[in-house]
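Taking the hints into account, I'd like the entire structure generated from these sequences.
Residues per chain, in single letters:
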Amino acid sequence: MKIIVLVKYVPDIEVGYRFKPDGRLDRSGEGLLNQLDEYPLEAARRLVSQVDAAADSTVTALTVGPDEAEEAIRRALQMGADRGVHICDQAIAGSDALGTSLVLAAAINQLGGADLILCGASSADSATSLIPVQLAARLQIPALTGAASLAVNGAQVTACRLTDNAMIESRTPLPALVSLTDQAEQPTYPSAKAVMLARRKPVEVYDLADLGLAPSSVGCDAARVKVLGVEPAIRRVGGRLVDASSDDAVAALVALLRDNALIPVGGGA
Amino acid sequence: MGQILVLLDDPAADPARLILGGSLGQVIGLRLPAGPLVDDSLAPSAGSVGDDWLAPPAGEYCLDPQVLIRPGVVAQALAQAVNQYQAVAVLLPAGLFGAEVGALLALELGSAVVTDVTAISAELVATKPIMAGTAISEVSLTGPTAIFTVRYAATSSSVTAGSTNGTDMAGSAELPGAGPASVTELPLDHSSNVTELPLDRPARPAAQVEIISVKPNKLASGRPGLDQASIIISAGRGTGGDLRPVELLADALGAAVGASRAAVDAGWADPSLQVGQTGKTVNPELYIAAGISGAIQHQAGMRGAKLIVAINQDPDAPIFEIADLGIVGDLAEILPATAAALRREGTMKGPCHGYNR
Numbered sequence: 001m002k003i004i005v006l007v008k009y010v011p012d013i014e015v016g017y018r019f020k021p022d023g024r025l026d027r028s029g030e031g032l033l034n035q036l037d038e039y040p041l042e043a044a045r046r047l048v049s050q051v052d053a054a055a056d057s058t059v060t061a062l063t064v065g066p067d068e069a070e071e072a073i074r075r076a077l078q079m080g081a082d083r084g085v086h087i088c089d090q091a092i093a094g095s096d097a098l099g100t101s102l103v104l105a106a107a108i109n110q111l112g113g114a115d116l117i118l119c120g121a122s123s124a125d126s127a128t129s130l131i132p133v134q135l136a137a138r139l140q141i142p143a144l145t146g147a148a149s150l151a152v153n154g155a156q157v158t159a160c161r162l163t164d165n166a167m168i169e170s171r172t173p174l175p176a177l178v179s180l181t182d183q184a185e186q187p188t189y190p191s192a193k194a195v196m197l198a199r200r201k202p203v204e205v206y207d208l209a210d211l212g213l214a215p216s217s218v219g220c221d222a223a224r225v226k227v228l229g230v231e232p233a234i235r236r237v238g239g240r241l242v243d244a245s246s247d248d249a250v251a252a253l254v255a256l257l258r259d260n261a262l263i264p265v266g267g268g269a
Numbered sequence: 001m002g003q004i005l006v007l008l009d010d011p012a013a014d015p016a017r018l019i020l021g022g023s024l025g026q027v028i029g030l031r032l033p034a035g036p037l038v039d040d041s042l043a044p045s046a047g048s049v050g051d052d053w054l055a056p057p058a059g060e061y062c063l064d065p066q067v068l069i070r071p072g073v074v075a076q077a078l079a080q081a082v083n084q085y086q087a088v089a090v091l092l093p094a095g096l097f098g099a100e101v102g103a104l105l106a107l108e109l110g111s112a113v114v115t116d117v118t119a120i121s122a123e124l125v126a127t128k129p130i131m132a133g134t135a136i137s138e139v140s141l142t143g144p145t146a147i148f149t150v151r152y153a154a155t156s157s158s159v160t161a162g163s164t165n166g167t168d169m170a171g172s173a174e175l176p177g178a179g180p181a182s183v184t185e186l187p188l189d190h191s192s193n194v195t196e197l198p199l200d201r202p203a204r205p206a207a208q209v210e211i212i213s214v215k216p217n218k219l220a221s222g223r224p225g226l227d228q229a230s231i232i233i234s235a236g237r238g239t240g241g242d243l244r245p246v247e248l249l250a251d252a253l254g255a256a257v258g259a260s261r262a263a264v265d266a267g268w269a270d271p272s273l274q275v276g277q278t279g280k281t282v283n284p285e286l287y288i289a290a291g292i293s294g295a296i297q298h299q300a301g302m303r304g305a306k307l308i309v310a311i312n313q314d315p316d317a318p319i320f321e322i323a324d325l326g327i328v329g330d331l332a333e334i335l336p337a338t339a340a341a342l343r344r345e346g347t348m349k350g351p352c353h354g355y356n357r
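If you read the sequences in order, they're chains A and B. Quick note, the first sequence lines up with residues 1 to 269 if you use my numbering. Quick note, the second sequence lines up with residues 1 to 357 if you use my numbering.
Warning: the hint list may mix true and false statements.
[Said to hold, decoys possible] Cβ-to-Cβ under 10 Å is the rule here; a few derived chain B residues that face chain A:
no.: 1; residue: A112
no.: 2; residue: V113
no.: 3; residue: E210
[Claimed, not checked] Residues from chain A that keep clear of chain B, each with C-beta distances beyond 12 Å, as calculated:
no.: 4; residue: Y17
no.: 5; residue: P21
no.: 6; residue: C88
no.: 7; residue: A121
no.: 8; residue: P202
no.: 9; residue: D210
no.: 10; residue: G229
Quick caveat, the hints were computed from the structure, so don't treat them as lab data. Backbone N, C-alpha and C fix where the C-beta goes; we use that ideal spot for every residue, glycine too.
Put into structure tokens, the structure is as follows:
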């Protein structure tokens with residue numbers, strides 16, 4: 001089975017991040033593998049370990065991003081991917097979801113396709129959740145998004161998807177795309193040996209010309225979504241801290257409710 | 001002013017999207033057909049779709065799961081509607097289904113789409129939280145049609161904040177003057193402008209997806225949903241699995257009950273109640289985090305709340321860094337005691353604002 005896992009290099013939000021004057025994220029800062037992308041890597045590792053050892057199975061980690069994005073590929077290789085493919089081209093910077101999904105589709109076709117494409121349900125930075133569906137549509141394969149679990153039986157993939165209204169278990173023939181949430185199997189952290197072995201795994205780098213894409217078809221100029229500006233969200237700072245062992249915490253909470261008119265009439269109803 | 005298409009999928013959340021649409025242009029509401037998608041080849045295998053699904057509670061929409069798993073069919077129908085009405089914008093619900101429909105509609109039309117927006121200006125500039133809710137971006141969309149998925153609660157405040165003049169509402173509408181509470185009392189007669197969105201039989205590859213089973217989410221009896229509530233009390237690991245103190249105060253306040261991922265993973269709460277990056281993003285007046293340490297993934301879902309109260313035994317819990325009121329203590333004592341105090345308070349007369357929107 002041939003599995004491609006989409007990975008993304010995102011800023012470490014807890015460490016901090018910067019935006020360039022044009023509103024685009026400065027991707028040269030402290031970054032890491034998007035945390036949700038660990039789940040499809042874990043799923044791929046498990047799927048490959050289940051199939052017949054004689055069967056020719058590969059897990060390819062695929063990313064689109066600047067030079068720094070290789071870090072996400074390296075982490076993916078430590079977490080069980082066999083090889084990495086990094087699409088890196090200045091002209092891609094500033095792409096919106098339509099542009100990024102175009103690059104990914106071209107890359108996957110270049111790699112000869114896959115039986116299963118796995119990815120995280122959303123990225124921590126831009127969080128559009130658009131790429132999985134647009135990519136599947138471009139590749140003309142079915143997508144099962146937001147999966148809490150998946151299983152491959154023969155030539156079919158089954159996923160449990162948590163929608164707003166229901167848990168829907170559905171299946172579709174391979175090839176298919178499945179995006180996973182953090183309700184999927186917990187990622188296993190790589191051993192020291194796995195980290196060492198990952199250094200020897202190959203990482204191929206391609207640019208737009210390798211994929212046969214014109215620079216004008218992607219990037220800032222092709223993007224239909226333009227960022228006008230970015231501001232920090234309302235800065236939340238810790239307010240009053242009450243220690244229930246010494247202070248009247250209940251009175252503090254009731255006062256807050258009363259001051260903000262949040263106590264319903266007949267509050268004890 | 002152009003035509004604004006609003007996809008209707010949930011009677012509780014639709015009015016806010018209709019009002020927002022009305023502030024942007026002439027609204028046309030498009031309702032998904034409630035009945036099953038008629039196509040023999042797609043009929044669910046016998047007994048696979050639960051009876052609960054086929055008989056939803058009165059007043060609730062029944063979104064056919066066969067439609068839910070085929071967003072491409074909806075996107076195709078919407079693309080036709082966009083052309084038919086020459087629509088300048090399409091407003092979709094936030095969430096998995098809305099994002100899928102939006103992604104495919106954008107592909108179909110070659111248009112831009114922005115998910116999870118919290119406000120849209122008359123110039124169609126959208127406001128969207130990014131970076132796990134720590135930053136707000138303003139984005140404009142080029143192309144003939146702008147596609148948005150809209151977060152419910154935030155929509156109501158953005159509408160009341162900045163769209164009271166020059167609007168061209170469908171029907172004889174008057175925009176609510178103040179307070180998110182008025183959203184549910186929508187004076188909008190949109191019945192004449194709502195039509196059913198005709199769906200075609202799904203084409204491949206969507207047709208290859210088949211349903212094995214459908215389990216409707218358990219709904220907490222009588223409590224408001226996370227999208228509608230003015231107050232949300234969420235249970236975390238610190239509850240130790242006993243949600244009664246949380247439910248007690250929630251019911252005293254008419255609040256919704258939410259949960260952290262840890263509480264959902266432990267099986268203490270239904271996955272539909274999860275607040276955070278992979279659950280719901282909520283914007284209530286007040287969010288009470290009970291026994292939740294406040295990882296960045298949880299904060300991404302709740303830091304848009306107007307007020308945050310955190311109750312935790314650990315004084316170093318990160319949640320205290322964003323809480324307007326932090327209480328270091330035992331939630332199992334504090335929550336029931338607060339509910340009791342409210343019962344005493346309940347005998348007093350007082351105004352009632354915004355607790356039930």
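| Which of the numbered hints above does this structure break? | 4, 7, 10
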